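With the sequences and hints as input, model every part of the structure.
Protein chains in written order, with the numbering used here: chain A, 711 to 1009; chain B, 2 to 303.
A hint or two may mislead.
Label-pair ranges, simulated between beta-carbon atoms [what the hints assert, rightly or not]:
1) B:Glu267 <-> A:Thr868: 25 to 31 Å
2) A:Leu779 <-> B:Leu215: 30 to 36 Å
3) B:Val84 <-> A:Tyr829: 41 to 47 Å
4) B:Leu215 <-> A:Ala770: 51 to 57 Å
5) A:Thr897 <-> B:Pro216: 35 to 41 Å
6) A:Gly843 <-> B:Lys193: 39 to 45 Å
7) A:Leu752 <-> B:Pro248: 27 to 33 Å
8) A:Cys908 <-> B:Leu19: 27 to 33 Å
9) B:Asp220 <-> A:Thr868: 50 to 56 Å
10) B:Pro216 <-> A:Thr894: 25 to 31 Å
11) B:Trp7 <-> A:Leu756: 55 to 61 Å
12) A:Arg912 <-> B:Ile195: 47 to 53 Å
These are calculated hints, taken from the structure and not from any lab test.
Because the structure is a prediction, the values reported are computed rather than measured.
Every residue gets a Cβ at the ideal spot worked out from N, C-alpha and C, and that includes glycine.
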Amino acid sequence: MTTLDQPTATAPTPVTSGDRPLRRELGVANALSHGFLLLWGLLTVLPLLWMFISSFKTNAEILADPWGLPGALHLDNWARAWTGAHIGRYFINSLVVVAGSVSLTMLMGATAAYVFARYEFRGRQVVYYLFVGGLMFPVFLALVPLFFVVRNAGLFNTWLGLILVYAAYSLPFTVFFLTAFFRTLPTSVAEAALVDGCGHFRLFFRVMLPMARPGLISVAIFNFLSHWNQFLLPQVLLQGDESKWMLAQGLFALSVSQGYAGDYARLFAGLSIAVLPVLAVYAAFQRQVQSGLTAGQLK
Amino acid sequence: MKHGKWPLIVTFLVPPVLLYVFFVVSPYLQAFQISTTDWLGYSADANPVGLANFKTLWHDDYVWNALKNNAILLGLVPVLTIVLGLFFATMLAMGGRKGSAGVTGVRGGALYRTVYFFPQVLSVVIIALLWKEVYHPNQGLLTSALHGLGLPAPTWLGDPATAFWCVLAVMVWSNVGFYVVLFGAAMSAVPKEIYEAVLLDGASRFTTLRRVTLPLLWDTVQVAWVYLAIFALDGFILVQLMTNGGPNFSTDVIGVRMYDTAFGSETKFGYASAIGVVMFFLTLSVAVLSLRVGRRERIEYT
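Pasting the structure below:
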């Protein structure tokens, strides 16, 4: 009996249609693909979630059970990081410097790009390629001389120096991107405005700049994130005075001191403080952030 | 045309050019000049020594060790990142297909993209410090998970045999999400009919990816390759903050070498600039090579 049963049980599959195994294969692949997607999602989220949860635990809890939940919400970790480790001060320092540097980058980048895109004059190509050529050079190459250029200008250990350097090194990409963007804007509007007696400066600020808004936003987000995340330049140009440090430097110092003090909760709280605003910006402007950053890559 | 164009050109162009020449162009030019001196830092005397720095560099085992690590990163990070990125992007774009009902995205695709992309907006400093804790040999996430399962755990960043691979894994981790979104955007520009036709012809997923998706996305993949290659030649921040090149130089990269030479215990600015010049030519040739080797006929679809 059993020997007879076996073939009949498997028989239906080939009989019905050739579509069936394909569909089953796809079903398995579907479950698999969901599995892989979920796995990578977990891999991405888990370290960050762990950081947030640990920032509310006591050091004893962190040492005893790294995977456990906090017994109570220990907000004092955050207070220790914010004031005790001066993360609050560094946070505001970074905010001031980045606000300055992004504004300066956008102003200089937009004006230069506009000239390259809309005006004909001798030597335009040369100056344009001087800017764009900077895209190919790694910052590393300039590091040593830059240190002395900044020091000789009396800008070493100053925020102004950092702002000017951030802006200068962001110009190649900003000019490149915005020149291409200004070129896509229709010329008819500008010509009509000029015929109507609008001056060149007014034309730029009143007509062209508002028209270029989508491009400006993309490149501003790109610059904001790259300035906010900068570590190498402040590490070299803002070495001495601790009270002037950027957030990245403060976090690094916190991590180093944690190695001796063993205050893990404070480190996790400090990292969380640094992550939260970025998370907020990302949640609010997700589409623009993604398109801004990927446009930066695709050009 | 009341005032003419010149006042605008001058006011708009002169400040950016000055700023750029002062802080960017002049340091780059000086770097080449400094690399041919024996300048030891803060003192004023720098004697021209020709190519002596480059000769020392050629025989510097630490530099070669760092370059070897960069070469391994260059060989692995772009491939792993691009393969994973394409894989997940394909899953998200087509994972939801059922039988012959057409090509549909997976459910919750937007959420996946949002989550995957997040490491890209985080500062590399935060990523480095967070993963340093994840890899902590006692109360780290990984060690305690393995111990919880009753398995022995390596010391991760503390062991010269594993440290390098731990750093490499973080590099891939932090980049994959970005390329999922990038490739996803490129894929959405490919007409769906192409995929539906391929599906009707009974092609497997892998064949679809290799024979259809990859050729259609070739331009994007190539750009990704160049950027990841440049990233692999750098890797400075992650390495400096996670391991500082150790243990026993097992994770050293050329960027850390240069930083230590210039701003470490000794300030050999001449020699550090020579390393910088070498890095520049390496980056440039890797970029040009990958653009050359990868050149194919462009496929256009409307």
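Results for each hint:
no.	hint	in the structure
1	B:Glu267 <-> A:Thr868: 25 to 31 Å	holds, 26 Å
2	A:Leu779 <-> B:Leu215: 30 to 36 Å	violated, 44 Å
3	B:Val84 <-> A:Tyr829: 41 to 47 Å	holds, 46 Å
4	B:Leu215 <-> A:Ala770: 51 to 57 Å	holds, 52 Å
5	A:Thr897 <-> B:Pro216: 35 to 41 Å	holds, 37 Å
6	A:Gly843 <-> B:Lys193: 39 to 45 Å	holds, 41 Å
7	A:Leu752 <-> B:Pro248: 27 to 33 Å	holds, 29 Å
8	A:Cys908 <-> B:Leu19: 27 to 33 Å	holds, 28 Å
9	B:Asp220 <-> A:Thr868: 50 to 56 Å	violated, 43 Å
10	B:Pro216 <-> A:Thr894: 25 to 31 Å	holds, 28 Å
11	B:Trp7 <-> A:Leu756: 55 to 61 Å	holds, 59 Å
12	A:Arg912 <-> B:Ile195: 47 to 53 Å	holds, 49 Å
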